[in-house]
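Trainee: Given these sequences and hints, build the entire structure.
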Amino acid sequence: DAGITQSPRHKVTETGTPVTLRCHQTENHRYMYWYRQDPGHGLRLIHYSYGVKDTDKGEVSDGYSVSRSKTEDFLLTLESATSSQTSVYFCAISAGLAGGNEQFFGPGTRLTVL
Amino acid sequence: GENVEQHPSTLSVQEGDSAVIKCTYSDSASNYFPWYKQELGKGPQLIIDIRSNVGEKKDQRIAVTLNKTAKHFSLHITETQPEDSAVYFCAAIKAAGNKLTFGGGTRVLVKP
Chain V
0 DAGITQSPRH
10 KVTETGTPVT
20 LRCHQTENHR
30 YMYWYRQDPG
40 HGLRLIHYSY
50 GVKDTDKGEV
60 SDGYSVSRSK
70 TEDFLLTLES
80 ATSSQTSVYF
90 CAISAGLAGG
100 NEQFFGPGTR
110 LTVL
Chain X
1110 GENVEQHPST
1120 LSVQEGDSAV
1130 IKCTYSDSAS
1140 NYFPWYKQEL
1150 GKGPQLIIDI
1160 RSNVGEKKDQ
1170 RIAVTLNKTA
1180 KHFSLHITET
1190 QPEDSAVYFC
1200 AAIKAAGNKL
1210 TFGGGTRVLV
1220 KP
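Taken in sequence, the protein lines are chains V and X.
The numbering used here applies: residue 0 is where the first sequence begins, and numbers increase by one.
The numbering used here applies: residue 1110 is where the second sequence begins, and numbers increase by one.
Simulated from the structure, these hints should not be mistaken for lab results.
Any given hint might turn out to be false.
Unchecked claim - Partial selection, computed: residues in chain V whose CB lies under 10 Å from chain X:
(1) G2
(2) T81
(3) N100
(4) F103
(5) G105
Glycine included, every Cβ here is placed at the ideal spot set by N, Cα and C.
Mentor: Next up, the structure:
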């Protein structure tokens, strides 16, 4: 998986609790992304980062926040989880234009919000 | 923004036959078009890509074609094998940004 790890791989939580998902890369790539995958919706971008402390919103960012304090780590936080956030979350990395825009995905985190 | 549509949503083929998946995109500025294969329980895996200055690219049994005028691109898998069974996604991106827009996916089933 191109030097990308995600933790945890599975999580079950209750509505209203905070949840943080971690993405870690060993490729020193500039860009990191968080997607969610749901049946009938494919892959949708939540947030992305184009450098340390530089982040921007994707198409489904409501209810999510991110942080990137180091090149290798990109955190996704659900401040107060809701059942609609039950999904599979994928992290991706890219070297950007310098690397031909190729994006590589991690193994995913399956999150269930009860 | 960019919109990518992918057809068909499911595709069943006999082992040894060919499979073709088609995608259309809306933004003429898009210039990079990757294809991903996703197996059950795993993350999407980049299998082939094409850039707007190329009309066709081939890698063993898979090939991708691009028609910039019509704004569509296709994935061709020849001599399909059971291990080709998976969900395939197309995507598009503009040079000015790094946000991929994905198609809805095609579930391919190769019957032995």
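Trainee: Compare the structure with each hint and give your call.
Mentor: Outcome of the hint check:
Annotation: interface hint on G2(V) violated; nearest CB of chain X at approximately 13 Å, more than 10 Å. Interface restraint check: T81(V) against chain X, minimum CB-CB distance 24 Å, threshold 10 Å, status violated. Because the beta carbon of N100(V) sits about 5 Å from the nearest beta carbon in chain X, less than 10 Å, this interface hint is met. Because the beta carbon of F103(V) sits about 6 Å from the nearest beta carbon in chain X, less than 10 Å, this interface hint is met.
Nearest Cβ of chain X to the Cβ of G105(V): about 5 Å, under the 10 Å cut. The hint holds.
Hints 1 and 2 from the earlier list are contradicted by this structure; the remaining hints agree with it.
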